[in-house]
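Based on these hints, arrange chain B on the given structure of chain A.
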Amino acid sequence: MLMNLFKFKGGVKPPSNKLQSNHLPIAQAPMPSRLVVPLHQSIGGTPRPVVEAGDKVLKGQVIGNADGWISAAVHAPTSGTVLEVAMHIRPHPSGLDSLCVVIEPDGKDKWITRTPIDHKAVPPADVFHHLQQCGIVGLGGAGFPAHGKLTPTKGVPMDELIINGAECEPFITCDDLLMRERAEEVVRGIALFRDLLQPKTVIIGIEDNKPEAIAAMRAAVDAQKEPFSVVAVPTLYPAGGAKQLIRVLTGKEVPGSMRSTADMGVQVFNVGTAYSAWRAIAHGEPLISRILTITGNVHAPRNYEVLIGTPMGELLALAQPHPDTDGILMGGPMMGFLVPNPQVPVVKTTNCLIAHDDRLFPPKAPEMPCIRCGACARACPHELQPFEMYWFSRAKNFGKTQEYNIFDCIECGCCSYVCPSRIPLVQYFRFAKSEIWAREREKNASDQAKTRFEFKQLREEREKADKAEKLAKAAAAQAAKKAAEAAAAAAESSASPTPDAPTAPLVAATTDAPSATVTPENDAKRATIEAAMARAKAQREAVQPKNTESLTAEQQKVAAEIEARRVTAHLIEPEPAAPAPTSEKPE
Amino acid sequence: MFAPAPFLLKDVSVSQVMIQVCVALIPGIAAYASLVGPAILVQLVIATLAALIAEAVMLKVRGKPLALFLTDGSAIVTAWLIALTFPPLAPWWLVVTGTVFAIVVAKQLYGGLGQNPFNPAMVAFAICIVAFPALMSQWPSVGLQLSLIEQMNIILGWAPRVDALSGATPLDAMKTALKLGDGSFDVATLLANQDIYGNFAGRGWEWVAAGYLLGGLWLWHRKLITWHVPLAFIASLTLVSGALWLYNPAQFASPLFHILSGGAMLGAFFIATDPVSGCTTPRGKLIFGAGCGLLAYIIRVFGGYPDGVAFAVLLMNLSAPVIDLLTQPPVFGMKDKA
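Sequence lines, in order, name chains A and B. Just so you know, our numbering puts 183 at position 183 of the first sequence, and the rest follows in order with no gaps. Just so we're on the same page, our numbering is the position in the second sequence counted from 1, plus 1000.
In case anyone wonders, no lab produced these hints; they're calculated from the structure. Just so we're clear, the structure is a prediction, and the values are computed from it rather than from any experiment. Yeah, the Cβ is synthetic: ideal placement off N, Cα and C, and Gly gets one too. Any given hint could be a false lead.
[Unchecked claim] Listing some non-contacts, in silico: residues in chain A with all C-beta distances to chain B over 12 Å: (1) 53; (2) 70; (3) 124; (4) 317; (5) 438; (6) 449.
[Claimed, not checked] Listed below are the simulated BS3-like cross-link pairs for lysine-lysine, each with C-alpha atoms no more than 30 Å apart in a straight line: (7) A:200 - B:1335; (8) A:13 - B:1010; (9) A:9 - B:1223; (10) B:1064 - A:364; (11) A:467 - A:482; (12) A:9 - A:252; (13) B:1335 - A:9; (14) A:400 - B:1060; (15) B:1335 - A:13; (16) A:200 - A:120.
[What the hints assert, rightly or not] Listing some non-contacts, in silico: residues in chain B with all C-beta distances to chain A over 10 Å: (17) 1007; (18) 1033; (19) 1058; (20) 1066; (21) 1096; (22) 1109; (23) 1218; (24) 1220; (25) 1227; (26) 1231; (27) 1248; (28) 1276; (29) 1319.
Looking at chain A on its own, in the form it has when it is part of the complex:
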């Protein structure tokens, strides 16, 4: 089928180095003596361990449960005994530890009961759950849980489903071999994704340096009578980047800031993901192994089917590394990294191990100043200006790096590859990105602290205001009461009651109340003044006799009567508290 292909700008053509490892069929790697299965192997939540040291596990048994929607379960790659659930070094450039389940194989390789499902007979939600339970994640690199990508964005029609078989990184041939040998199941997996996503077209993109894989995939598509296009795309690194492949096959450019390509009606899956998803659906097999290229400075480069959790050093030994090998590269030479030590285990996203030596990868010449030749800008597949971003990263002017769209950088390494000054540009960009992230975290933390502090202040002011209001009301009530008492006493004593005596303090109290009801919006000064006044008043009241305050009405009545009698008996003068309300007015 003829298709109009598009070009993406930039890209480089490093020597492909694929011929060393793609001439032999996939071999089964032997069972290692110990499997170290990290729980965090995909983007999203870290699965929670559900086994303990000493537990017997079966092959395919869940050892870590998905934590949240964007997360996928982790399984025992073989039957055996859990030795420990502990921190071990993970395959990451940081060399940091993460929680791993260490399993000692019992050699029986006994499967748990596998439950295939018929994805056409059950609702999609059940299929998603099944895929999540089987730990299916993207095998192309990032390891995004597959079920999370199988729902179209609301309101955006799914135009194209793209299957990524480009495998543009030098040295790596695992997808090539997978397509050659297991094309039928790959195509069935693609049909599964098609059934779930309902795209208008399905395009399988494979770089034209893999003619055997293209032929095998075409044959499988024809055999299953699927309307999929198998398209040979020009070999140009990084054609296998999701956004580059989308561009080449559809002409659509998904902006770097757009997280999900589904927002533009495209979804991309790696061929390996399609294969694993099909194994999970049709055979109930969770993702416990993968195909892995072992190549580089070795005697016998080849692809192996490898259990997740196998220590990399043991695998490299299979390919008989030359004695001058001085490290293991995980991934390709463009985006991969040297693993911290040979005990690091293979994870779901490990597609290649390259024995490193100075002959294959000569040590870098000293870094020279940038001469602004612009080779990096011409090589950048995201059409960025790496030399400008470098300049500002180096100057730690991170705001400027963001103006130059540093977060659109996919760290493909094209800029570093072409730089005549040998500047490790990608390193500068990673540094700038992580600094920006760190600063954002700090800023968020300080923003939070600030909000908390402001809220605390607000609350304290409100409490003060409330208190002032309460005190004012209480004082008013008390004054009114005292006035009433006085009036009553006066009435009783003189038998000629002045009718407006009790009302006067009441009026005073009501006019006074609004000033005490301070809304939080009122300025703090006013609140402070009033709070101070309230405090002063409270102090004044504290020195007055208080034992009459908490009396019941009956007691008060008795007290009032006694008081009245005492007044009548002229034992004491009438209490001077009657004009008390006046003291509440601001001085």
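Then chain B, alone, in the frame of chain A:
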């Protein structure tokens, strides 16, 4: 062992880039040498030695690794451009002064390789033409045949600077004639003087320009320069000279004369394309090249200097940062939003 990705690197380096620029200059130098004699080769050697010594001293003073930066080839490119733009029989100390100023002030004092805002060779030219206008305008008369020894003696100051040296470039000769002219000279009659002007732009000079063009095209083929700057340079020079030529062919020379004479071709392919001091965005390069061509024309035709390429390039160097800022291309996926 720590090494960041990518582990594969293309076989390129700054010195490779600079060596290729020098190689690309060879056809032009060959034509030049056949036109004015081996003096130009002597000047190239003098300039190269002066540049390397000045660079070494400055690197030492600045505490930079000598071997790494002396071998990057950038000082040699600067030296060669100076030798090729100065009069071929200029006294040795003039070339040395220009070169030392270029390396010490225009390059190293700004921070060395990659940090100079102005093209060092053009700074040298501008300084010398302002400081020594007479010496910078003495070009060998056409047809002057001197042996290597005689030329050496003139350059080294052991022989008197004979009158034969006070010739002018065809460009300068034409301007002077047209300016002095009380109407008795026009371009057509001037060009009819085949002794000076040859077929297009000065006897023999068109071959030098052709040599630079050839080298420039090779640089483009090798992807060391892009087409933007040279094309915009030549296009704007052609357009503006063509417009005035059509308006008054008696007073203004044809575009072909302007493209093939003076420093136009060298400037378009080797000077205005200097990445350090020029623009970097595609649209910026077009503006930069067009600006150089336009300013060069204005200065060489209406200004007081024999040629305008150096000042044109310096003025555009001055504008390059803001042009770059204003011409940032949209990134992948943001083209319809830009």
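Status of the hints after comparison with the structure:
no., hint, in the structure
1, 53, "34 Å, holds"
2, 70, "23 Å, holds"
3, 124, "29 Å, holds"
4, 317, "20 Å, holds"
5, 438, "19 Å, holds"
6, 449, "35 Å, holds"
7, A:200 - B:1335, "25 Å, holds"
8, A:13 - B:1010, "9 Å, holds"
9, A:9 - B:1223, "15 Å, holds"
10, B:1064 - A:364, "19 Å, holds"
11, A:467 - A:482, "22 Å, holds"
12, A:9 - A:252, "13 Å, holds"
13, B:1335 - A:9, "13 Å, holds"
14, A:400 - B:1060, "34 Å, violated"
15, B:1335 - A:13, "25 Å, holds"
16, A:200 - A:120, "18 Å, holds"
17, 1007, "4 Å, violated"
18, 1033, "29 Å, holds"
19, 1058, "14 Å, holds"
20, 1066, "13 Å, holds"
21, 1096, "25 Å, holds"
22, 1109, "15 Å, holds"
23, 1218, "17 Å, holds"
24, 1220, "13 Å, holds"
25, 1227, "12 Å, holds"
26, 1231, "16 Å, holds"
27, 1248, "40 Å, holds"
28, 1276, "5 Å, violated"
29, 1319, "15 Å, holds"
Of the numbered hints given earlier, the model fails hints 14, 17 and 28; all others are met.
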